[in-house]
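*Asks:* Let's have the full structure, built from the sequences with the hints guiding it.
Mind the numbering: the sequence shown is residues -10 to 721 in the numbering used here, read in order.
All the given hints hold, so there is nothing to weed out.
Pairs of lysine-lysine, DSS-like flavour, derived with a Cα cap of 30 Å: (1) 450 - 283; (2) 283 - 674; (3) 616 - 595; (4) 346 - 389.
Worth flagging that the hints you see were computed from the coordinates, not collected in a lab.
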Amino acid sequence: MSSDGIFSAIAKELLLSRGQVSAVVSLLDEGATIPFIARYRQERTGGLDEEILRGIRDRMEYLRLLGDRKETILASIRDQDKLTGELEEQIRACATLKDLEDLYLPYKPKRKTRASAAREKGLEPLAELMWEEDTECGSAEALALSFVDSEKDVSDVEEALQGARDICAEWINEEVDLRNGIRNQIQRHGMLQVTRSSEPDERETYREYYEFSSKISYIRPHQVLAINRGEREGILSVRLEILEGKALERMEHFVITNRRSVFSDHLSQAVRDSFRRLLFPALEREARKELTEKAEEHAIHTFAENLRNLLLQPPLSAQTVMGIDPGYRTGCKVAVVDGTGKYLDGTTIYPTPPQKKVRESMETMDRLIDRYGITLIAIGNGTGSRETEQVVAELISERKIRHDNEDLHYLIVNEAGASVYSASPLAKQEFPDLDAPMRGNISIARRVQDPLAELVKIDPKSIGVGLYQHDVNQTNLSRKLDDVVESCVNSVGVNLNSASSSLLTYVSGLSRTIAEKVVTYRNENGPFRDRQELLKVSGLGAFRFQQAAGFLRIPDSPNPLDNTAIHPESYEAALNLCASIGVTPQEIPESVMLFPVKFQSIKPEKTAEELGIGVPTLELIMENLQKPGRDPRESLPKPLLRQEILSMSDLKEGLELEGTVRNVVDFGAFVDIGVKQDGLLHISKMGSGRRVTNPHDVVSVGDIIQVRVIAVDDKRGRISLELAERHSREVL
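*Replies:* In structure tokens form, the structure reads like this:
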């Protein structure tokens, strides 16, 4: 397929114009990033957002891969001297790799098979007689007699006929229309049957799948991944079933056209052999693979959506935070960081078993709170977190009495990935004099102040908001998560003079190497004074500058536009716009309240034309002049802060309370309601009378929601919740 053909195919599939697709592909081929195209090239793309841009990118890559595979296959068949004009036309018309491989199957070099062995024995002419069904006189045995040849290792008639049947079975397996017919039967009527095997399942993890049956068209993605894992662990046995009789009837009707042929019964045997030995096993593997790929795609999408919501949690940057990493035997690590994330102090306390030095621990925390003016305590949600929470809640209660209702709160923080960060080269570089547990604790404290800036230091797969993330295709998962992190970082923007190299790595146009060079330059030369100074960084040329500059902020730059999302290439237009309403460059910071009034009289099309820019660029300039340095996360609800603690014994059916959504999965959401165990808000309890098919339509990671307790299982540590109405009568 030519480039024009590819552009047209993508445009039709995504309901876009061919020009839009062409423009996007051209920009991508030039090296432009998705965030840059989405924000600064809207005139060329017609205002396409990041999701559509990535869709174009992915389809373009697939179709180019398909095109390359077509050329490889055509060359292979041409080398065999079997390529006809009709076959070439069919191959070039293929829209999917699956259809392409079906066409290639008869010509694909094969390892030694029963059919190839029969050909070596000279039995293909007999197979052709059997396949053509033209012989109606005599007997199959008599015709096969001439193929008996001890030198070719064909010792008798039955062996000759068996070899011919093997060749016919392979031909049957290679019939594209027949494969598609059975493939459709599998998709419509195939049943996945799961039973328990002999391996022990000590924790009964797979109990619901011991005797499980489902149409493959109905099975849920998380069920597929669970079954696959159970099968890999040897606990579950899995098979795909269809109505074999119906499939064989379809195949015989397709293959056998002359029942008077002397080879009719032999061809019928070849059909059954082909189905059971070749066709169905191959299509079963294909169907299982497709089920897995769809389930993985769904799981990756869910992980990505959860990750996006987690990374875009609003920062609590003004807080001086005490981070506590709970533990038992080795105690709880305590770290204090100021409002900028700078490490101030650290120690270890022992409020949990076996030491259980509660009073001494409270006194230590008390002194740190007074010394550093701590306003928030962040407790990791690992081992010992609830015992630590109990002590912290008691301390806050005592201080409220002593300090006239002091505004001190705590929250439970998902500490997933903190240990990964603590052992990383970056953590060692940031805190060379601290041990790993303390470095991890600093990460817990900082991720409250700015989740995005801190969590980008950790492999996204270690953050703990996915389902079966270690079972899915790791290449696809990594790419999707990298897309999410890149999107979030560039959407928020990055302070060039405080960002870590990990954060800068995700900025449009910057690689890990360039990000490290930026930090090195900053350390050697002091803070960047303006965006143009970036060009002095070794390896950061004009193109990288173009891609990155608009996403980097310099709050203290003498040029106020350096603290906005206005791109340097639009500075002249921005200044001309300001001049047209009587605002000088020096007056821009003080004119924030003035701009909305002044902009009311602007006619976008006319003004954009006068400034020599497009309307989307004009709108971006006006938006950023009104909100310089704006963090889009600031408008989101803040995390739920607590001063008191609950226990499982405090819960009762009907009790309503606020909780924080920690993870969203296919079957519901896990909600932190302030007790040791997160509660499960099942998908069936989300709709308030209406059916919900996707939990993400109702809740997201980080949401603060009102829930009602509907069941508490102390023995199994399970809490069942339902979504509550806001006008509930009993709220804790």
